[in-house]
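S.K.: Residue-level listing of the chains:
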Amino acid sequence: MTAEIKLTNAGVASAEMQAMRRRALRRLRINRGITYAIAISLAVWIILPIYLIGSMALTTPAGVRGFPKAIFPFTDISLDTMSFFLQSQGILRGIVNSIVVALITLVLSTLIAAPAGYAISRYVFRGRDFYRLAILGVRAFPVIVLAVPLAVLFMRMGLFDKTYSVALMHTALTLPTTVLVIGSVFASIPYELEEAATVHGATALQAFRRVVVPLALPGIAAAAIFTFVMSWNEVFAASILTLENRTLPAQVLNALNKSSPEYQFAGGFFMLIPSLIFIFFIRRYLFNMWGQVTK
Amino acid sequence: MKRKKRNWTPYILLAPSLIYLAVFFAWPMVRSLSLAFYKDDAQLSLRAEASFTSPVVGAIPQAATVTILDTQGNHLETAVDSGTITEVWYRISSSGADGAAAEGWILSDRVRVDEESGGVPTLGRIRAVRRSGADPQSSVYVQPGSSHGEVAARLDAQTEVNILELVTLEVWYQVSGTDREGQTIEGWAQSAFITRGEQDPSSGFIKKGDTGEWTLDFIRAMVADRFFMSALTTTLLLTVITIPIQFVVALVMALVIQARLKGNTLFLYLFAIPLGVSELAVGIVFYLLFTESGYINSFLMGLGLIDQSITFISIQTRHWIIIAIVLAEVWRATSIVMVILVSGLQAVPTELLEAAELYGAGLWQRVRHVILPLLKPSIQVALILRTILALQVFAVVMAISGGDIVTTLSRETYRWYSEEIRNPNMAAAYAGLIMLISIFTAIFYLRAVRTQEEAAIT
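Going line by line, the protein sequences match chains A and B. Throughout the first sequence, residue numbering follows my numbering, covering 289 to 583 in sequence. Throughout the second sequence, residue numbering follows my numbering, covering 5 to 462 in sequence.
Do not rely on the hints blindly, as some may be mistaken.
[Stated by the list, open to error] Restricting the straight-line Cα-Cα distance to at most 25 Å, the calculated cross-link-like pairs of lysine to aspartate or glutamate (DMTMM-like) are: (1) Lys-546(A) - Glu-358(B); (2) Lys-43(B) - Glu-296(B); (3) Lys-546(A) - Glu-217(B); (4) Lys-380(B) - Asp-408(B); (5) Lys-380(B) - Asp-417(A); (6) Lys-546(A) - Glu-532(A); (7) Lys-450(A) - Glu-424(B).
No lab work stands behind these hints: they were computed from the structure.
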């Protein structure tokens, strides 16, 4: 049909057609240009703050205090500000505590979430939808409500101000996200692969270990890294649950009002770096979770 | 989905997460409510006699004044805490006024110790009674603890006594006061719960109670708190301003991603960066922009628009602090909305969008009539999630305003349970308010979307 029309019209309206096509193409190009402009300005909006704090953190203390600041910083790169921050009281300890808390959280959260994620993606059972809804509810629940009663309980049990008690709390906070992400990872592995393995003589457990686990491992690792980042960033519960054994954000928050600009900017930058790296590695998986949730 | 076996495996797999969330999620939630509404030490129960085995005769509310009628020393029944008042009694022997040997117990206040061996008093003298009109002699009792017991002997002042033994007793007071119903009751209570008047030893007040009760006291105290209204209005204001901006920006980001430009994955990564960035770090970054020697001032000065720095962060410029917080929140939390919308868009069939474009629908028409309706479930999830997170905004506020000029509900929760004050009840009251608002907004969003759908069907 279309070919016929094209043929009959070809001679008569070819000039007109070409003009139309050119106009359409131009409009497409303009649209594309506008989209690029929007995309780039959004990217600048995201990068600019990171660039600015980076340039503050990597300059001399004098540069931090200087005014007016250069719009194109990085004029005098120096590690003085960073090393001043790292040598400040409680910072090294805070970093160690943060890493310990985040690692315990990562291990606990992944160990508990992996079976649950497998269950919700592979089985049909009574209460499955309710469980998913409940998990999502927990994910959205105000964290702040949990911190105070847990602090009171930990105080009574002598668990207050311990790194592992912060990790226990962080596990509760990260568990829902980890369950949903791991669930989506398992859901993305076709069950037919497992079935094929059993057909070829593997037991269910072997099929799981030899087929599913290797395929799921990168996704689970991504979920674990995200858990680490969430714990590394968490500041409210960590501040409520600790006094001496502060995590890095809790330490920086506590010192905020009494500290110099060098300390603040270097601290902000230092907390920011791991997230940049980790998010880069797991960027592919960020979308898995939410695709599944809204279904 | 795939395995349709009916077995227990899924439940076993879910069990650890359920147990964990019950312990570290459901329990604290319930406990938080009880902290906000239950006062542990609301009333002090009085007993017929100075003993825990004795029946309770009534209860006096905390902070009520009482008359102290009598005191008695009891053998310590509970571990001594900081509030426990104790008295020491000596078992003494001496030759009495009539020359006969006397032996019995006397309150250590009545004896001046002359000799000690290894910190234990061994020899002393009965003190003189100073008050005029008082009994010039001191009684020695058969049993330690009470000045109403059987008297074993009476000794003159300055009588030499051998101290044979000593015992530390916990003091109980017999008090009389008014209970909630306005009735006067009389009974015994441990001294740890009562503060005795320094001027007038016969009066005192109930320092703390030993029985709890449900109360609205903490809620009232919260509402009356000087930061309360400011915290509530600021939290709601920030939520109402931030969320629409975030949704517009996130939708634009999602459409840009949907357009599949060259370098799409790079843009996706850049837009997703804030997802992993610490709230506190973002607060510090935007503080850096807005300080007097910050980048905005530097920039304006570089352009020659101003001669001297503008003060953005001060008590007089609360609106600038709000703007800074909104910008920081938009920067930080738009990503999560973007991620949810992009995943939602991926589920929208491209044919639909192409068809709309073919029929000549402009961008706005496509967004309004095709994309938004199809994204409704995603938008609902994002809206609930973002609102609840926005109600908890904390570290950004602390970093930008120092937490006093502009305050939010979460900041007040922190104030009431940071290192200076540890009042879990007030902190729980504020946290409970955040929870309440969160639940109401979630229900509101769910209902609003549903009623729209129902309206569309009918």
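S.K.: Which of the listed hints are not met by the structure?
M.R.: Those not satisfied are hints 1, 2, 3 and 4.
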